[in-house]
Amino acid sequence: MRAFQTTVLERKEAVERTLATEPFEAGWAGEAIFFVEAHELAGGSLLARVQISPDGIRWIDEGTARASLDGPGHAVIRVTHFGGWLRLVLDAPPGGGGATQITVHLALKE
Amino acid sequence: MNHTIAFPPGLSRFQPLGTILCYDDFDTGANGWLDLKPNYRFEGFEPRKGAVDMTRWGPTMLSSATFAFPGTHGSMTGTYSLKLTTRPVANPYQAIPAPGSLGHALKRLSVHRPAGLLQFEMWYAYTPEQDRIGLGEKDIRAFGFLFDLQDAEYRYMPGVRYLNAVDGELVQRWQYCNADGVTDAEWEYGTEGWCKRGIDPQWFGRRYADGHTDGFKYVPDGAQRLCYNESDDKINWLYLRFQVDLATRSYVELQSGDRVFDLRGLSPTLVPAYANIEGLLNPLLWVETDTDRRVFLYVDSIVVSVA
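Taken in order, these protein sequences are the chains called A and B.
Reading the first sequence from the start, the letters are residues 1256 to 1365 in my numbering.
Reading the second sequence from the start, the letters are residues 632 to 938 in my numbering.
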């Protein structure tokens, strides 16, 4: 059977300007999905982009895995071939006044 | 019934009691060890409000122990260990722990035989995130282990903590859990809440300048330097064994590396049983940062055994 792991990286967390999820080691997994839920969203679109890293310190945009949330609701970001580390960066809409609140799940599968 | 059991070679570095409840090598997955979260069962799926924010502890994950300069460390056997993490945030030692300043992993079990000896063993290592130059040993405040237990009469948490540093000064002494003489309100930082004294000592209980807390007392002759190594990206696997007696609800001994600390005569604090958790047997690990820096506890493998 294939190993599987879901971690709740953020729960109902405010995004003031930019929020990066905690560094997460995922070297054992072949595929990943970030589930992003925007509970509140003010001022425009919330941008989410996956970053990868050689060491958990230096982070680089993965380049293909990204999504935009235009209102409260869910987004799904799939990523494969990511090496050992994953995180998600969320860029809050300008002028949102801190009214953007998100939950992020990371689902990993072998 | 006669049993014939193939002995896994990895077990030979442990000293289990007669019945092994679990032998968890994290090359085979998380084996049921997961993040500690509060009870999300109130209006809006919110937890209770209290003095400590229990919703933001650092995430636990399977780790290859990969660093910028040496690359992948791997684990003691194989590639993966269980890694407990904190967020890069800490309050001064004597303040209430900051949200995210600890990381936990626990496994949820229950008793299956009359009360006797209960033992936890692990091979582990610890280091901070190598995000700055120098040696970060003093940035790790503490790591610890406890059993969360409840029988027909009492809930109690026997456990041990390695207090490594207090506000940037190395301490490096073992402590054991005991909250005798503390009121429940004092325990929860002056709020008359739900938690009872002695329960969740990793974050409850006032902390004092000399490093002891309302819930952690120093083990007699408990000073010990561990093999931290000379750089934050070099980890050495360390051995810990901790034994309690459920029949007498008391401590037996702690082994760290080649040293054995006799804990006989010491006891955890007993409080009246909580609802819904009779028979609870949860082993729990945690790590705590001392400054604005993530710290990590890597666990190669664990054995929980009873006799």
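Honestly, the hints are just simulated from the structure, not real lab data.
Where a beta carbon is used, it is the ideal one built from N, C-alpha and C, also for glycine.
Treat the hints with caution; some may be incorrect.
Stated by the list, open to error - Calculated pairs, BS3-like style, for lysine-lysine (alpha carbon to alpha carbon, straight line, at most 27 Å):
1) A/K1267 x B/K769
2) B/K769 x B/K848
3) A/K1267 x B/K848
4) B/K738 x B/K680
What the hints assert, rightly or not - Derived DEER-like restraints, expressed as beta-carbon distance ranges:
5) B/Y671 x A/F1259: 50 to 56 Å
6) A/R1272 x B/L766: 32 to 38 Å
7) B/N860 x A/G1326: 49 to 55 Å
8) B/N860 x A/R1272: 36 to 42 Å
9) A/G1285 x B/K680: 50 to 56 Å
10) B/Q803 x A/E1295: 26 to 32 Å
11) B/L748 x A/A1269: 20 to 26 Å
Review point. Which hint numbers doesn't this structure obey?
Key: Violated hints (numbers, rising): 1, 3, 5, 9, 10, 11; every other hint is consistent with the structure.
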